[in-house]
Amino acid sequence: MADDVITLILADHRKVEELFARLTTGKGDRRAIVGALHALITAHARAEEDVVYPLLDAHHGLEEHKEAEVLLDALRRAEPDSTEFTGARTLLALTIAHHVQEEESTLLPLLARTTDDRRLRDLGKTFRQRRQQELRALTAPRKGRGPGPSSRAKARGGRAASGAGQGLTKTELYERARAADIPGRSRMSKNELEKALAKART
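Sequence positions in the sequence shown follow our numbering and run 13 to 214.
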């Protein structure tokens, strides 16, 4: 069942481990590797939260996703040769390793025991679609450099501020929603993020 949800989740776990290994060796473009890590971990987490976690008692997993998100942000903001980068990378790797171990020893076996093969394949299809949707939003070509939306937001000047986020990518809207601590932002569409940001400003 190569297309079932459990197989897809396990494959993502191995990809993340591979990216961490590349990051630890110091070979290659560290910023590019961090970008790939951020996109994969974030898309994977959101797909899990939407497709898999509602079927399980996964409150602890949600908390670990939030913790990883904070650490990912710290890693993206740190200079690759700095002690901050090394510290953030080490802590994130430990956090992800713990989360993966917990999922693979507890949550996924429970899902396998309580869900039939056809349902697992259906969940796999939905999981893949949700993850790809997030990956597209997170890896969309950007003219500005840097880990956050600030460079493009500044370049846009008053248009972005007056338009309550109109014209921004979904990733940039999500970053602003996170800064504003808007609940439920990870499940919002681009249009919903724009509306939520506009409402938060009123």
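Be aware that one or more of the hints could be misleading.
What the hints assert, rightly or not - Straight-line Cα separation of at most 16 angstroms, EDC-like style, residue types lysine to aspartate or glutamate; simulated pairs:
id	residue 1	residue 2
1	K207	D193
2	K137	D41
3	K78	E204
4	K78	D93
5	K78	E61
6	K27	D93
7	K137	E61
8	K39	D15
9	K137	D193
10	K202	E187
11	K211	D93
12	K137	E29
13	K78	D62
14	K39	E116
To be verified - Derived CB-CB ranges, DEER-like:
id	residue 1	residue 2	range
15	R26	E75	32 to 38 angstroms
16	R133	E29	23 to 29 angstroms
17	T98	G196	19 to 25 angstroms
18	K202	T19	41 to 47 angstroms
19	A109	K207	33 to 39 angstroms
20	R130	G196	16 to 22 angstroms
21	K202	T126	19 to 25 angstroms
22	T126	E96	41 to 47 angstroms
23	R140	T118	30 to 36 angstroms
24	E204	G47	39 to 45 angstroms
25	R130	T98	20 to 26 angstroms
Calculated from the structure, these hints are not laboratory results. Glycine is no exception: its CB is placed at the ideal position from the N, C-alpha and C atoms.
Against the structure, the hints come out as follows:
For the suggested pair K207 and D193, the alpha carbons sit about 14 angstroms apart, so the restraint of at most 16 angstroms is met. Between the alpha carbons of K137 and D41 the distance comes to roughly 32 angstroms, so the proposed pair goes past 16 angstroms and is violated. In summary, the hint linking K78 to E204 is not supported, as the alpha carbons are separated by about 21 angstroms, beyond the 16 angstroms threshold. Between K78 and D93 the alpha-carbon distance is near 26 angstroms, which puts this suggested pair outside the 16 angstroms criterion.
Of the pairs offered as hints, the one joining K78 and E61 holds, with about 11 angstroms between alpha carbons and a cut-off of 16 angstroms not exceeded. For the hint pairing K27 with D93, the CA-to-CA distance comes to about 24 angstroms; that exceeds 16 angstroms, so the pair is violated. The hinted pair formed by K137 and E61 meets the criterion: a straight-line CA distance of about 15 angstroms does not exceed 16 angstroms. The straight-line distance between the Cα atoms of K39 and D15 is roughly 32 angstroms, outside the 16 angstroms bound, and the hint therefore fails.
As the CA atoms of K137 and D193 are separated by approximately 31 angstroms, the hinted pair breaks the 16 angstroms bound. With a CA separation close to 12 angstroms, the supplied pair K202 and E187 stays within the 16 angstroms bound. A hinted pair counts as satisfied when its Cα atoms are at most 16 angstroms apart, and K211 with D93 does not qualify at roughly 40 angstroms. Between the alpha carbons of K137 and E29 the distance comes to roughly 23 angstroms, so the proposed pair goes past 16 angstroms and is violated.
A distance of roughly 14 angstroms separates the Cα atoms of K78 and D62; the hinted pair therefore holds under the 16 angstroms criterion. At roughly 29 angstroms between alpha-carbon atoms, K39 and E116 are farther apart than 16 angstroms, so this suggested pair is violated. At roughly 23 angstroms, the beta-carbon separation of R26 and E75 lies outside the given 32 to 38 angstroms, and the hint is violated. Taking the beta carbon of each, R133 and E29 are about 25 angstroms apart, inside 23 to 29 angstroms as hinted.
A C-beta distance of roughly 34 angstroms is found between T98 and G196, which places it outside the suggested range of 19 to 25 angstroms. For K202 and T19, the hinted distance range of 41 to 47 angstroms is not satisfied, since their beta carbons lie about 30 angstroms from each other. Checked against the hint of 33 to 39 angstroms, the pair A109 and K207 passes, with Cβ atoms roughly 38 angstroms apart. At roughly 30 angstroms, the beta-carbon separation of R130 and G196 lies outside the given 16 to 22 angstroms, and the hint is violated.
Between K202 and T126 the Cβ separation comes to about 34 angstroms, which falls outside the hinted range of 19 to 25 angstroms. Against the hinted window of 41 to 47 angstroms, the Cβ-Cβ separation of T126 and E96 comes to about 42 angstroms, which satisfies the hint. Restraint check, R140 to T118: a C-beta distance of roughly 23 angstroms breaks the suggested window 30 to 36 angstroms. For E204 and G47, the hinted distance range of 39 to 45 angstroms is not satisfied, since their beta carbons lie about 25 angstroms from each other.
For the pair R130 and T98, the beta carbons lie near 46 angstroms from each other, so the given range of 20 to 26 angstroms is not met.
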